[in-house]
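Protein chains in written order, with my numbering: chain R, 1 to 82; chain C, 101 to 182.
Don't take each hint at face value.
In silico lysine-lysine, BS3-like type, Cα no more than 27 Å apart, as pairs [to be verified]:
#, chain 1, residue 1, chain 2, residue 2
1, C, K141, C, K123
2, C, K102, R, K41
3, R, K23, C, K123
4, C, K102, R, K23
5, C, K123, R, K2
6, R, K41, C, K141
7, C, K123, R, K41
8, R, K23, C, K141
9, R, K2, C, K141
10, R, K3, R, K23
11, C, K141, R, K3
12, C, K102, R, K2
The set of hints was computed from the structure by calculation and includes no laboratory data.
Number of protein chains: 2
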Amino acid sequence: MKKVIVFATLRESILDPQGVAVKGGLAQLGFTGVEEVRIGKRIELLVTDETTDMMVREMCERLLVNPVMEDYEFSIEEVASV
Amino acid sequence: MKKVIVFATLRESILDPQGVAVKGGLAQLGFTGVEEVRIGKRIELLVTDETTDMMVREMCERLLVNPVMEDYEFSIEEVASV
Chain R
1 MKKVIVFATL RESILDPQGV AVKGGLAQLG FTGVEEVRIG KRIELLVTDE
51 TTDMMVREMC ERLLVNPVME DYEFSIEEVA SV
Chain C
101 MKKVIVFATL RESILDPQGV AVKGGLAQLG FTGVEEVRIG KRIELLVTDE
151 TTDMMVREMC ERLLVNPVME DYEFSIEEVA SV
């Protein structure tokens, strides 16, 4: 098995309203030293050994990530079979 | 400035319905080699240099993370001021 970790984050140029809301929430709790918050996804997939980088890239672009609004990167590591 | 990256993921023992849905979606697209999908958050904060580990931990536990259902970890790195 392989473990794939995908990080999808909104592109820099796109406003992150969820992040803005969290920043406001932190400020209300007294955490005034927070300049910016951006919220992204961390998707962990457990896949068979036959799964290639190409296939992961295709999964990202067809389903996991919105390529218009998000950037993504992923890493693949071998996992000892259970 | 410092950049803080927080990863929050559902605890292993808790069902991740969003992950199950994504796994189903991938299977429908023909990606049958996916055994499990778990979806978490990646929260990036830009904070002032005065912000301590303690403060980040408190932000996590009071707002960013649901400590009942989620595990979290974070890293802090120095960022050159712009």
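Hints that the structure is at odds with (numbers, increasing):
Those not satisfied are hints 3, 10 and 12.
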